[in-house]
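Protein chains in written order, with this note's numbering: chain A, 10 to 123; chain B, 101 to 667.
Rather than coming from a laboratory, the hints here were simulated on the basis of the structure. Treat the hints with care, since some could be wrong.
Once the Cα atoms are required to be at most 25 Å apart in a straight line, the calculated DSS-like pairs of lysine-lysine come out as [to be verified]:
no., chain 1, residue 1, chain 2, residue 2
1, B, Lys501, A, Lys19
2, A, Lys62, B, Lys501
3, A, Lys19, A, Lys73
4, B, Lys539, B, Lys563
5, A, Lys62, B, Lys469
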Amino acid sequence: MRVLLIDDEKELVTTLSERLDIRGIDNDWATSGESGLELAKQQPYDCVVVDLKMPGLGGLETIKAIKQEQPDTRVIILTGHSSGEDMDSAMDIGTYRYLVKPVDIEDLLDLMQA
Amino acid sequence: MILWHKIKPAFWDRRESELELLNYRRLWRNTFVLGLVATLLPVVFLSWVNFYQFDRQYELQSNESKGHIQRLLSTGQVQISYFLDERRAALNYVSLGYTFEQLSDLKNLAAVFLRLRRAFGGFVDLGLIDQRGIQRAYMGPYNLQGRDYKEQDWYKEVLLRGIYVSDVFLGHRNFPHFVIAVRHEQEGEEPYVLRATIDTGRLNNLLRAAEMQPSGDLFLVNQQGVLQTPSQLYGGVLARFPLLPSSPQEWHGIIETKDPAGHPLLLGMARIANTPLTLVLTNQPKALLHKWDQLRINVIVMIAISVLAILVVLWWGTSTLVSRVFEADLRRVGLLHEAEYTNKLASIGRLAAGVAHEINNPVAIINEKVGLMGDLLAVSNDFGHKEKFIKLTLAIQASVKRVSEITHRLLGFARHLPLKYEQIHLQALVTEVLGFLGKEAEYRNIQIKVNIPPEVPTLRADKGQLQQVLLNIINNAMAAMDDGGLLDISVKQPKEDTMSIVISDDGVGIPKENLNSIFEPFFSTRGEKGTGLGLSITYGIVQKMGGHIDVESEPGQGTTFTVVLPR
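With the hints as extra help, turn the sequences into a complete structure.
Here's what the structure looks like:
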């Protein structure tokens, strides 16, 4: 299983990456939508965990672009907060689930592997 | 009192407007009085003009009547005097032309009697009475010859005054007549008295011929007020006429008096000289003014109806007008309150969302960092204080969880998620909600009574949010109650399209000054125990569902929340 983590909070994304490493899950991370998309263009991912509010390419645009590259990848949103409208749009473009920060890593793993 | 309760407008007991310096009752009163003055003034003026004109007309008519009476009385007086004088003169003429001896001869007396009857009419009999008062000769229907009149008053009077006119009497044949007697006295001749009885029929005809108004009456009375000729209104001959002044000296001129029925009456009187007779004329001015009276009654009825209609219309109009103002005020107050809440909720929502987002990110980092520490500790070899470190990371994680719960609640407050409607069985929902709080109730010995009739239909609402509404209200109720209290939950269907959930507790109640603030965000009386968000979240949810919440509370008695929702 290969996971891509995208969040503008570098501390969060690197720590999460390290914890996934410990659990033996291959992962890459990016701190912007653009760099995340670059990675997605280079290789396939089973699951992408993405924040919604990011400078530059926002979460929804990133998801849209990644879904174009890899339609079968599972997208999980991990966000501080977002409005109901954002959630509805995200679900419309093929998002699997959304979680509000902070999150228990076990819950996240459950969603990735379900 | 019961009628007043029925017609009393709704604003009557509210008096002051909450929005403006307006007293509804004063507004009502001012409008009503002003309307009354404006509408009644012309009516009153018109009535005054009408009654003034009526009085003028009455006076004119009355004066006209008096003039008419005066004319009739004068004419009647002259005619009757002339009638009597004529007959008296005839008797005098006879007495001057004949001696006692001549008239004692019945042949002569018969010839004279016949001539009198032919020339003047009305003579019933004729008698010759000598100086001793004995009737010496008599021509007439009775046998009165030889009768002694010496002791009779009339005989004495005729001897004294030379002439006598009697009152009317019925006599033997029971028809009204009167007597004229004259004394004959000449030098060298034997004195005698000539006495004639005269039928009153002629007199009656004279009076009847007078041009009377419809309500008028003309007749003769004697000095005792006894009718000498028949009256149309006061009876036949010899009946008593009761309306004359008590003293016969006052029996002249025209006076205003009242008839036995109490109606105004004009009474005209004229004495007939040298007789005991008085000519009387009565007239009822009211009867003459009958048409005016009818008109006046019509006007009074019209005015009464107009005033009544004005009162009813003014009452209705003023009450409707002020009620509209009152209802509009109530609506405005409601809308203002609602707008205030909505604005506050929206601001707080935005603030909460921002705060939650900003906090969630660093908290997530802490969470992941401490999670990583835990992970690393789990895979590392034993070292000094390893157990202590594990405990510390767990403690940090627990605190992170607490922060996370708070931010989640804030987010819940700010949530703009669309409502997910489904058909809800309220019995099941309430049972579910009580499941969360059942333990606490049991522990505190709080009795919960649920009264949801089985026929209550399902309600279309967002289950999760409605759960939160009930949870918040019941939670608050239990916080306000003493151990061993009673909580009552019931469901009603006040209208076909609404359902209401009523939650009553017997707790401490809410002071009146706090009632208006309980739905405001961050308003709490529970100090550090409460966030002050529960009821404002509840309010926001119910409002979003298209419903409303009513609160009634009596400090020391308890509080009742009624959540009204559309089906």
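Hints violated by the structure (listed by number, smallest first): none
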